[in-house]
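Colleague: These are the residues of each chain, in order.
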Amino acid sequence: MAETSERPSRYIETLVGAVLLIITAGFILWMIARTVLPNLVPVAQEGANLAKPSDLIFYVMAGLAIVSAAGVAFSRNIIYSALALLGALLGAGGLYVFLNADYVAISQLLIYVGGVLVLILFAVMLTSKISDQKHSNPSVGTLPGLVLLVALLGVMGYVATRSPWLTASSPFDAPQTSFTIGSLFLREYLLPFEVSSLVLLATLIGAVVIARKEIKE
Amino acid sequence: MGAPGLPHYLIVGVVLFALGTYTVITRTNAVGILMGVELILNAANVNFVAFQRFNPSPLLTGQVFALFVIVLAAAEAAVALAIVLAIYMNMKSIDVSHASSLKD
Chain A
1 MAETSERPSR
11 YIETLVGAVL
21 LIITAGFILW
31 MIARTVLPNL
41 VPVAQEGANL
51 AKPSDLIFYV
61 MAGLAIVSAA
71 GVAFSRNIIY
81 SALALLGALL
91 GAGGLYVFLN
101 ADYVAISQLL
111 IYVGGVLVLI
121 LFAVMLTSKI
131 SDQKHSNPSV
141 GTLPGLVLLV
151 ALLGVMGYVA
161 TRSPWLTASS
171 PFDAPQTSFT
181 IGSLFLREYL
191 LPFEVSSLVL
201 LATLIGAVVI
211 ARKEIKE
Chain B
218 MGAPGLPHYL
228 IVGVVLFALG
238 TYTVITRTNA
248 VGILMGVELI
258 LNAANVNFVA
268 FQRFNPSPLL
278 TGQVFALFVI
288 VLAAAEAAVA
298 LAIVLAIYMN
308 MKSIDVSHAS
318 SLKD
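So the protein lines, in turn, are chains A and B.
Residue numbering for the first sequence follows our numbering, beginning at 1 and increasing consecutively.
Residue numbering for the second sequence follows our numbering, beginning at 218 and increasing consecutively.
These aren't lab readings, by the way, just hints derived from the structure by calculation.
Because the structure is a prediction, the values reported are computed rather than measured.
We put the beta carbon where it would ideally sit given N, CA and C, even for glycine.
From chain B, some residues computed to sit far from chain A (all C-beta separations above 10 angstroms):
id: 1; residue: ALA316
id: 2; residue: SER317
id: 3; residue: SER318
id: 4; residue: LEU319
id: 5; residue: LYS320
Pairs of lysine-lysine residues, derived as DSSO-like cross-links and limited to a Cα-Cα distance of at most 30 angstroms, are as follows:
id: 6; chain 1: A; residue 1: LYS213; chain 2: B; residue 2: LYS309
id: 7; chain 1: B; residue 1: LYS309; chain 2: B; residue 2: LYS320
id: 8; chain 1: A; residue 1: LYS213; chain 2: B; residue 2: LYS320
With the hints as constraints, model all of the structure from the sequences given.
Modeller: Structure, rendered in structure tokens:
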């Protein structure tokens, strides 16, 4: 009994350690890319288009998001899925930073990682039984699911890469993102802004009403 | 491995969307399905912000839309998890194939 109750916690510790290790390794990689690679570039200038450090960080972020999303999709244990979702959200947040969308990136960190993920972890802890942790995240119909996965990847990947998108020759970088977003919210998108505040109020009341225990008289 | 352009971001969005769809249709755990929905919403957000960045127009409408998506995702998660808790209190299980009493 003691053994069975000890094993899952050790796995979780290992996983948390692995996540921390990945974050630290990413940070170290970033530091190396910032300090070492620019000095190497003049030496390897003949190698035409050597990948810049920022490009490398993009691929690290995209890889983090994709690998973590695969973890969410294929993990047997619901807690591992939740922790993998953390990586997917962090990776997407890193992509927002790359797209010069700092306000969206910060909102992603605050709302998704700080709010939604904690809420999901709460729901996992409150509902799944610790005893059958191995099979807490069962899946049915994996074969049709895989067929759909491959079909979606093929068709949408083809569309994404082959379409002649109308792109700017040099990407436009707004000088003051937060300022522009704020004035857009309070001018063009004032009505949706107010409606979303109403939605949040209704959510607050609705969640409490749905999740409370009925008091029998 | 050149500089990341619009198709690179779109491919990340495509992979996130496909994996999210797979999660939604194969999971029987209600919380697992919710995680799939979050992945799909994130894929849409990556596409919004990427199209805004590489668009010739100087407006930030894509980022505004992404922020609305984030707000609605938070609201959706709160209500859905309240429903999951209510189902668990009534049926002692969050397997969505068990929650079919409205059928009978």
